[in-house]
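Colleague: Residue numbers (the numbering used here), protein chains in the order written: chain A, 1 to 619; chain B, 1 to 80.
Honestly, the hints are just simulated from the structure, not real lab data.
Predicted model, so just to flag it, every value in this text is computed and none were measured.
Please note that the accuracy of each hint is not assured.
What the hints assert, rightly or not - Using 30 Å as the maximum straight-line C-alpha spacing, the simulated DSS-like pairs for lysine-lysine come out as follows:
1) B:Lys-9 with A:Lys-7
2) A:Lys-231 with B:Lys-76
3) A:Lys-42 with A:Lys-231
4) B:Lys-9 with A:Lys-43
5) B:Lys-25 with A:Lys-7
6) A:Lys-43 with B:Lys-25
7) B:Lys-9 with A:Lys-42
8) A:Lys-7 with B:Lys-21
9) B:Lys-51 with A:Lys-43
10) A:Lys-259 with A:Lys-316
11) A:Lys-519 with A:Lys-584
12) A:Lys-584 with A:Lys-601
13) A:Lys-601 with A:Lys-560
14) B:Lys-21 with A:Lys-42
What the hints assert, rightly or not - Calculated Cβ distances over 10 Å to all of chain B for the following chain A residues:
15) Arg-290
16) Arg-307
17) Asn-345
18) Glu-449
19) Gly-554
All C-beta atoms in this analysis are idealised placements derived from N, C-alpha and C, irrespective of residue type, glycine included.
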Amino acid sequence: MNDAQLKSLALSGDTAFWGYLAARSRHAESFSELFFLSTLRKKARRVATESVQPRLRLAFVGGYNLYPLHELVEHLLTIRGIECERFLGEYDNYVSEVLDSSSPLYAFKPDIAFILPNGSRCRFSGSLLDAVERQRQAAVGAAEHLLNLARTFIVRSGAAVILANLGLPGELGLGSFRSRTLGADWSFRKAVNLELGLRAPAEVQICDVEFLSARRGIAAAEDARAWYESKQLGSPDFLVDVAQELSHLIASRRQGPKKVLVLDLDHTLWGGVIAEDGIEGIELGDSSPRGEAFKSFQKYLLALSERGVLLAVCSKNDHARAIEVFEKHPEMVLRLEHFAAFKANWEPKSDNLQRIADELRLGLDSFVFADDNPAEIEIVRQFQPQVEGVLLGPDPAEFISRLQAGRHFEPRNITEEDLGRTAQYRQERRRTELAASVTDMPAYLASLEMRGTIKEFDSLDLPRIAQLIARSNQFNLTTIRRSETELQGLLARPDYLCFTMRLEDRFGDSGLISVVIAKIEGDALVVDTWLMSCRVLKRQVEDEIMNEIFRLAGAAGCAKVRGLYLPTAKNGIVAGIYEEFGFKRTEDSAARKEFELELEKYQTRLTKIRVSRRAYEAS
Amino acid sequence: MKQAEVLAKMQEVFDGIFLEKVAAKPELSPADVEEWDSLMQISLVIAIEQKFRVRFRVGEVEAARNLGEFADLIAKRIEA
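Using the sequences and the accompanying hints, generate a full structural model.
Modeller: Given below as structure tokens:
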């Protein structure tokens, strides 16, 4: 689709325009292109309906002119379905805007603030020949200054912060001496950036301007004229890089990374067709350039799986022959144990995707499907539109970058659970096998030898709690999202009772699998958040959680427990859960349901889980 | 290159960039076109630099008060 076609699509009011607009905008790398797309969007907007989602309040402050960066960010967020209200700080006034709590920045009440410090002002004030340790201490000081600014802002506003680091200068002046000292702008800013990243608390996200400018090329990212004329951060195209990164960071706070990568086999994991070429005939391994490229792609996929992305196979192949490659081919990097699901058959891929989702108990909207064949991508798009399709194309040398370009698997944080996730799914398969061999449910649950630990919120667990809150959709009664900053705030609130549950059994450790947030309101304990990993469904975890809620309500002197259910498109499986525990419905509208049960009427449930510790009790 | 020739080539840039029809006339100024805000200005300067293979010097574009003066500037840059 060329520019003229897109333009006529936009002006004709065709709804297909929005899909093309989003796809092109996400990959735009030049200012001219992104600007063209943004102009088209505003034009087409007049015939489109306004969204009803709450607007994101987004503040931009910094040592540069933030216009037109904020326009680009707005466009890139809009195409992802996030409408925003923007605040633009005054040029180079960010320090006082943050330090003065009566500044317009605070009055705006942002949800997220982007702080873009001025790089050229971040210099070492001593001599080029000062001791390196002294120079390094100054870099630490400069990094801490920026982080303190971010922390101050977070504490005062409760907003999240995205802090940009510093682009590196492309000056030739010092020659090769620049790398023999930390006093040169080049090396000093590198040191500051390094400290910034390593010291940033979890609630401060770093927008890596240094990386972005290196990636585009410092000479192409810098633009002295744009600085003198309008105090711009860099060249217009470089603003696009920063806007792309920023909108990605913002959108991923709401939408979270994808969880599952589903892969085709022939021409995707190896060259050739196994049914025709046989196990000896496929291209894979270091003996040919193409074979090497496929092997590298497999190594990349293995690294993804080690980081917690679940891999699955969905391919039109004979099952036995497909399996044979994984078991016998000496150059295969990926083995069957690396896959959480494996569907190689002649059923339509869209049906197989649904089956994989059911098996893994994950929503299809957390799936990415990668195939070399555009027809397969199109079919999946048509029948399973929630699945994100990635066309790998004809050249295996480009597979990794094509997959990364979608930015579907970039983690915000990496937790211990991420690193062990594939192993957890392997344990889950063994549980399923056991369940199939034991016919009676209580006997099965008893044979799992489950051990539970219930604990009040603990700052060490916050990253995992925040991740579950951001990602859980199905077993999530209210889908109230809370940032790490907000969660941190709950630790100090005596009127809140917040706990997590961990589960282990004879097959392994499932980790932190449930989160509950409840508030004491008068004589009631009100549960506003209850979510659970769907992997542990039907294992009596629900029962132990409810026992704990009532135990804590009793300990806090409450007479009743009130539960909240806010229906979404995905949390239908828990619509009836309070009633199953004997609660009575007290409020019932389409958007909100409330339930209530007196403490004296609750019957503690007996389970097969041995709970070794409970919340707010010394361990 | 004469002003009229420059304006004719500028018309091609305008047609690619503005969604509405904007005639490239010497007396035209940004205030006359609703779409022509500062974002549009940046984009226009980039497109014109690419079209004419020129690079304006700092402050030059701002000094032009209307399209005629801008066209003269382009002509001068091409010759320089």
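Colleague: Does each hint hold? Answer for all of them.
Modeller: How the hints compare with the structure:
no., hint, verdict
1, B:Lys-9 with A:Lys-7, "holds (21 Å)"
2, A:Lys-231 with B:Lys-76, "holds (26 Å)"
3, A:Lys-42 with A:Lys-231, "holds (26 Å)"
4, B:Lys-9 with A:Lys-43, "holds (25 Å)"
5, B:Lys-25 with A:Lys-7, "holds (24 Å)"
6, A:Lys-43 with B:Lys-25, "holds (24 Å)"
7, B:Lys-9 with A:Lys-42, "holds (27 Å)"
8, A:Lys-7 with B:Lys-21, "holds (14 Å)"
9, B:Lys-51 with A:Lys-43, "holds (25 Å)"
10, A:Lys-259 with A:Lys-316, "holds (23 Å)"
11, A:Lys-519 with A:Lys-584, "holds (19 Å)"
12, A:Lys-584 with A:Lys-601, "holds (11 Å)"
13, A:Lys-601 with A:Lys-560, "holds (9 Å)"
14, B:Lys-21 with A:Lys-42, "holds (17 Å)"
15, Arg-290, "holds (38 Å)"
16, Arg-307, "holds (39 Å)"
17, Asn-345, "holds (50 Å)"
18, Glu-449, "holds (64 Å)"
19, Gly-554, "holds (61 Å)"
Comparing the model with each numbered hint stated earlier shows that all of them hold.
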